[in-house]
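Protein chains in written order, with the numbering used here: chain A, 10 to 208; chain B, 10 to 208; chain C, 10 to 208; chain D, 10 to 208.
Where hints are given, some of them may not hold.
For identical chains, the list gives no copy identity; a pair is met inside one copy or between any two copies.
The calculated DSSO-like cross-link candidates involving lysine-lysine, where the alpha carbons are at most 30 angstroms apart (straight line), are [unchecked claim]:
(1) Lys96 - Lys149
(2) Lys206 - Lys67
(3) Lys108 - Lys206
(4) Lys102 - Lys184
(5) Lys86 - Lys156
(6) Lys86 - Lys184
(7) Lys86 - Lys206
(8) Lys184 - Lys40
(9) Lys206 - Lys109
(10) Lys105 - Lys184
(11) Lys156 - Lys94
(12) Lys105 - Lys185
(13) Lys156 - Lys185
(14) Lys132 - Lys149
No wet-lab data here; the hints were simulated from the structure.
Next come the chains, spelled out residue by residue.
There are 4 protein chains.
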Amino acid sequence: MSAKKAKKVVKKKTTVKNEEKPRKQPEVVIKAHLVENRVVTEDSDESRALFNQGAYGKMVENKVQLSLLEAFYLLEKNKIEVIDKRKPLTFEKFLKTAKKTEPNFWIRYCVFKDFRNRGYIIKTALKFGADFRIYDRGVKPGEDHAKWIVYPVAEGATLTWHDFAAKNRVAHSTKKRLLMAVVDDEADVTYYEVAWKRP
Amino acid sequence: MSAKKAKKVVKKKTTVKNEEKPRKQPEVVIKAHLVENRVVTEDSDESRALFNQGAYGKMVENKVQLSLLEAFYLLEKNKIEVIDKRKPLTFEKFLKTAKKTEPNFWIRYCVFKDFRNRGYIIKTALKFGADFRIYDRGVKPGEDHAKWIVYPVAEGATLTWHDFAAKNRVAHSTKKRLLMAVVDDEADVTYYEVAWKRP
Amino acid sequence: MSAKKAKKVVKKKTTVKNEEKPRKQPEVVIKAHLVENRVVTEDSDESRALFNQGAYGKMVENKVQLSLLEAFYLLEKNKIEVIDKRKPLTFEKFLKTAKKTEPNFWIRYCVFKDFRNRGYIIKTALKFGADFRIYDRGVKPGEDHAKWIVYPVAEGATLTWHDFAAKNRVAHSTKKRLLMAVVDDEADVTYYEVAWKRP
Amino acid sequence: MSAKKAKKVVKKKTTVKNEEKPRKQPEVVIKAHLVENRVVTEDSDESRALFNQGAYGKMVENKVQLSLLEAFYLLEKNKIEVIDKRKPLTFEKFLKTAKKTEPNFWIRYCVFKDFRNRGYIIKTALKFGADFRIYDRGVKPGEDHAKWIVYPVAEGATLTWHDFAAKNRVAHSTKKRLLMAVVDDEADVTYYEVAWKRP
Chain A
10 MSAKKAKKVV KKKTTVKNEE KPRKQPEVVI KAHLVENRVV TEDSDESRAL FNQGAYGKMV
70 ENKVQLSLLE AFYLLEKNKI EVIDKRKPLT FEKFLKTAKK TEPNFWIRYC VFKDFRNRGY
130 IIKTALKFGA DFRIYDRGVK PGEDHAKWIV YPVAEGATLT WHDFAAKNRV AHSTKKRLLM
190 AVVDDEADVT YYEVAWKRP
Chain B
10 MSAKKAKKVV KKKTTVKNEE KPRKQPEVVI KAHLVENRVV TEDSDESRAL FNQGAYGKMV
70 ENKVQLSLLE AFYLLEKNKI EVIDKRKPLT FEKFLKTAKK TEPNFWIRYC VFKDFRNRGY
130 IIKTALKFGA DFRIYDRGVK PGEDHAKWIV YPVAEGATLT WHDFAAKNRV AHSTKKRLLM
190 AVVDDEADVT YYEVAWKRP
Chain C
10 MSAKKAKKVV KKKTTVKNEE KPRKQPEVVI KAHLVENRVV TEDSDESRAL FNQGAYGKMV
70 ENKVQLSLLE AFYLLEKNKI EVIDKRKPLT FEKFLKTAKK TEPNFWIRYC VFKDFRNRGY
130 IIKTALKFGA DFRIYDRGVK PGEDHAKWIV YPVAEGATLT WHDFAAKNRV AHSTKKRLLM
190 AVVDDEADVT YYEVAWKRP
Chain D
10 MSAKKAKKVV KKKTTVKNEE KPRKQPEVVI KAHLVENRVV TEDSDESRAL FNQGAYGKMV
70 ENKVQLSLLE AFYLLEKNKI EVIDKRKPLT FEKFLKTAKK TEPNFWIRYC VFKDFRNRGY
130 IIKTALKFGA DFRIYDRGVK PGEDHAKWIV YPVAEGATLT WHDFAAKNRV AHSTKKRLLM
190 AVVDDEADVT YYEVAWKRP
């Protein structure tokens, strides 16, 4: 997201909170609970819609189990409220908690958020040996194979060619396209598609 | 900064502390937390002033998210205190942590600091294909385009003319002026403006 | 080329010399002179064929002026003999001399050779801000635009994401495709095509 | 000069030699003698015009003393004939001789030629600590100060920041602008103007 857009979003959010709320039908904020490194929603139609329409989390006994990334995203979007020890978690508190179990949570979240904001469904790709797998726009997991695997990196990191080669090998063997997602100091993400070539 | 100058600055600081304190309102030191490769300030007017007046970081939920470079600079200037695992980070500890995630942190910081000390706003330029972008004095991001892109290099490094040509091409295609910032062993920075010419 | 493959090639050459010579018209070895960082061929039809058919070097006064890369390749292929100070240069001597004026000669040569072996014409791309430009198979310089720009790197080297971004910017602004050519310790080259994406 | 232009020039020259000569008033080719590392013209109006109109060489006893670069350029342009040991020197022979006294003759010549072709007067800048000094278009030595000092380098060379700093220091102290002239494998020259900056 560009600096300009970021400002607009901030403005909009503030406006929503202070002025538009009374005029607008208040959106239902789904209650959810932090359970170890998952967030489990309440048993409601609204929460199941997260799974059915948004492809968030997975269904476990009529409730939706969200990953920390998904929960953080929905928290930021004001769609859910996350309860921990009977109190709603603040943004900061959530982040701190998430960081404990996932050291690269922030960098990964920047990329997760960017794809979600662009209308893509993004899921973990641990089984493939990558951070994320992304489905083409409009495609839901299960309907078709993921198109890309994605590796988020921070702009200040450096790149060894051995790492680079390993990531390409993973993409090649899983028949997915490889995206390097470089997160800059302003949390903007730049993408590079990489493909092994035999010229 | 040369070793000599560094000593002077230290002296000046001491003077400030000992003599001017009684006359001056003691400066508020903003509390901030290290979160991965970001530093997030507390929710306060003083911290928001960092963003609004100083153009540091970006606003996320009423707090300011600083890059490691920005946080280190503000730490050095005694404007913030950075908490990690419930304890304030020392200068050295911060540097160590930063270097782990950003191997070129020191060289880049020397340039970042030098520009900030001279009254310029300096931001990442990853999207432009460079390390930094600099706004003209008095210009804030968003008000006008950045004037320069900057590449920090260590004095002992070598460069190929192909790399040199690439950096010029980047500057040319982004319509910015190119500065090579050579950081010497005493952390002093020498600047060279380079422009492709057709004589 | 791997050490193993290198040995095979050497063997093959020996075979050619010992058995096929009687059957085949002996190939003319073109005489050429080392002049600084160029190699200038003799004035002959065979040498002009290097330029006209092979797109090597450039014509200057009925002779062909070869770059060190081109000359080294033709020397290795036994097409030319390079005279310096009245004596033919050995392979090793040529390499030593070349490395003096061009410190990255070997890494760049590995990539040059690999493309030539695959039937591509590869030329300098300094003006584009890259090491090499490559024409599509069967295309000669002047007939069409180059398709790729190529950056050779040693497998042990590291790269910053800022450098990576710069190379992509160069490719984008010159409307060419970007190839990173990673040269391993056995002189084999692995290619990665990289493209900036907006998902 | 681009590859295309190079071809045209070659063609034109051939045409001139073979066909147009009879139709056109034959141009006077000035006789000159190689005297150590100088070339001294005959005593004639035509040769003095080289100095008076072209700002080539210097006047010594009614004759013009040309540098090797100047002589080579005029030889290539078919304006002079250089006699050594009673025989006209061929191009190649001249180059070989020149290389003995000036090891970087070829790279320097590429730059010398490019400036002369563009209508600039280019002279040695040894006294300034540089390779060349260039006068603005239309300016002759003596009428005004040189505008640039120029350092020719080969594209395959690498650049140390200490060298780079030294060249800038020279330019700054002689109050001239600094041009780095990078000669690529096709003998084309790319120019970068460099200026020391205090931002």
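Outcome of the hint check:
1. In this assembly of identical chains, Lys96 and Lys149 lie within 30 angstroms of each other by CA distance neither inside one copy nor across copies; the values are 34 angstroms within and 40 angstroms between.
2. Taking the closest pair of Cα atoms, Lys206 and Lys67 come within 30 angstroms of each other only across two copies (25 angstroms); inside a single copy the shortest separation is 37 angstroms, beyond that limit.
3. Proximity of Lys108 to Lys206 under the C-alpha cut-off of 30 angstroms is restricted to the inter-copy arrangement: shortest distance 29 angstroms between copies versus 37 angstroms within a copy.
4. Proximity of Lys102 to Lys184 under the C-alpha cut-off of 30 angstroms is found in neither arrangement, the shortest distances being 39 angstroms within a copy and 43 angstroms between copies.
5. For the homomeric pair Lys86 and Lys156, the shortest alpha-carbon distance inside one copy (26 angstroms) is at most 30 angstroms, but the shortest distance between copies (35 angstroms) is not.
6. In the homo-oligomer, the alpha carbons of Lys86 and Lys184 never lie at most 30 angstroms apart, since the shortest distance is 33 angstroms inside one protomer and 37 angstroms across protomers.
7. Only between protomers do Lys86 and Lys206 lie at most 30 angstroms apart by alpha-carbon distance; the minimum there is 26 angstroms, versus 41 angstroms within a single protomer.
8. Proximity of Lys184 to Lys40 under the C-alpha cut-off of 30 angstroms is found in neither arrangement, the shortest distances being 39 angstroms within a copy and 47 angstroms between copies.
9. For the homomeric pair Lys206 and Lys109, the shortest alpha-carbon distance between copies (28 angstroms) is at most 30 angstroms, but the shortest distance inside one copy (39 angstroms) is not.
10. For the homomeric pair Lys105 and Lys184, neither the shortest alpha-carbon distance inside one copy (36 angstroms) nor that between copies (39 angstroms) is at most 30 angstroms.
11. Taking the shortest Cα distances, Lys156 and Lys94 never come within 30 angstroms of each other, neither inside one copy (39 angstroms) nor across copies (39 angstroms).
12. Proximity of Lys105 and Lys185 under a CA criterion of 30 angstroms is satisfied in neither setting, with 33 angstroms inside one chain copy and 37 angstroms between copies.
13. In this assembly of identical chains, Lys156 and Lys185 lie within 30 angstroms of each other by CA distance both inside one copy and across copies; the values are 6 angstroms within and 25 angstroms between.
14. Taking the shortest Cα distances, Lys132 and Lys149 sit within 30 angstroms of each other inside one copy (10 angstroms), while across copies they are farther apart (37 angstroms).
The structure fails to meet hints 1, 4, 6, 8, 10, 11 and 12 from the earlier list, while all remaining hints are met.
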